[in-house]
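With these hints in hand, go ahead and build the complete structure from the sequences.
When we follow numbering that gives the first Met the number 0, the leftmost residue of the sequence shown carries the number 0, and every step to the right adds one.
Hints listed in this document are in silico derivations from the structure and should not be mistaken for laboratory results. It cannot be assumed that every hint is accurate.
Here are the simulated DSS-like cross-link-like pairs (lysine-lysine), alpha carbons at most 25 angstroms apart as the crow flies [unchecked claim]:
| hint | residue 1 | residue 2 |
| --- | --- | --- |
| 1 | Lys418 | Lys433 |
| 2 | Lys287 | Lys433 |
| 3 | Lys433 | Lys389 |
| 4 | Lys433 | Lys392 |
| 5 | Lys210 | Lys433 |
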Amino acid sequence: MATEIELKLLIDPADIGKLRRHALLKTLAPGRPRTQHLVSIYFDTPDLILRQQRIALRVRRVGSRWIQTVKGGGEVKAGLHRRGEWEDPVAHAHPDLTKIREPALARLLFSPAVRDGLQAVFTTEFRRVVWLLQWDNGDAVELALDQGEVKSGSRSFPLFEVELELKQGNPARLYQTALELQQAIPLRLENTNKAERGYNLFQAAPPPLVKAGTPKISAGMSVAQAFQAIAWDCIGHCTANQEGVLSATDPEYVHQMRVALRRLRSALPLFAAAIPRESYATIADELKWIACELGPVRNWDVCASQTLPAILEQFPGDKSLLQLQAAVFKAQAAARESARQALLSPRYNRLLLSLGAWLLADGWHEQASAEHNLRLQDPVMDLARRMLAKHHKTVHRHGPGLSEMPPEERHQVRIAVKKLRYATEFFAALYPKKFSRSYLEAMAALQDELGVLNDAATTQHLLAELGNVNAHARGVVAGWAARGVTQHLAPLDVVWRAFCNCRPFWK
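Following this line, the structure appears as structure tokens:
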């Protein structure tokens, strides 16, 4: 089995000439590129058993030959695709399951449900031009320009991609190469591979919605290993929802991207005892920028999909409220388009490429200095205990009297609770679930109540942004928000006491 490591990028057809003339290709790949015409047929069952198991089975025509490829497992983070790959020649345009020698794959593919149900579900057809880039230190990257389409039945999707596949060396070279290309060409990271595009066409389905997972860290890890695992988990969560923000209207995609960005921004200072801020200062500033770009659309989404529908249910047919709703929809659409343009911008894609290059090149290792009181090689358990205790203490110091606090002060407590929750979710895997579960549940309940109160305050700010709002509609919404605040202030003290009664699980 080979492990395929590649970075996928989208290119505008108008910029293909710039790519072919780029100095990088002339310097590192002085020979003529090779050109291929590739037709690939992807197979699965009608109910997509292989996709559910994260397996892709295809037969590809290369010249006069047919090559069967099985890809399995793997991950996609900031455009970087890693997965197992098995290739074998076959005699025709249909899979030959006898070629499968990997035991786990063979069991799945020879199961009656798969073997008897295999059918072609989509095809890809494209012209590929390939350059081999080679550096003096031995690094080698294959750059492929693909132009074609993905087809399933009567549906199709145009394909203009640049793939950078690592042949030898550090994966950081892929990001560094992409950054150099992007100085002249506005390439965009592509987190959806050709197979996923085909499956989405086959199902006529929106992109999958991805929620935050649990970073894969363990007590035996060093600080450096744990940081990388947490950072890549956050990046994967963010970029997995990017296509949904660009092509769908479900508010949850934006929400999940914002959660991922907040988690990543919270993770960076958690490791400040070992990783100097100057090593990621520019990245931190850019993460704040894109989070702020997504903030307005999330606020309008909540107002349009949660706050106003509840009010209109109580005041059906109210003309001033319907006019307000129309104005909110317009503001929501404008904020959504602004967020889309930010995600399509070279600035955002440079951020992701820079972040990937920084993590993979271990740039934060190089800049760590003796003044930091925790070494990157130290056990992560030491850092986890210190950070959990610090954030727990901060919340307990500022949290008493929540129901009587001014909204601005209560909002600061909410931020502190979020930071504690993210730290807890990051490090909870280091401890038995039976100890951390009740703490996490109590903290989540506290954060939910604070979130509802914050949404009420945000609604008032949004109405102010709209400007000319009918006085009756403004009064109804203000009264509704005040009523909601009153309703949620009472249980706030209850959930606060429940949280205070939870014993810290890391002691």
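List of violated hint numbers, smallest to largest: Hint check: 2 fails alone, others pass.
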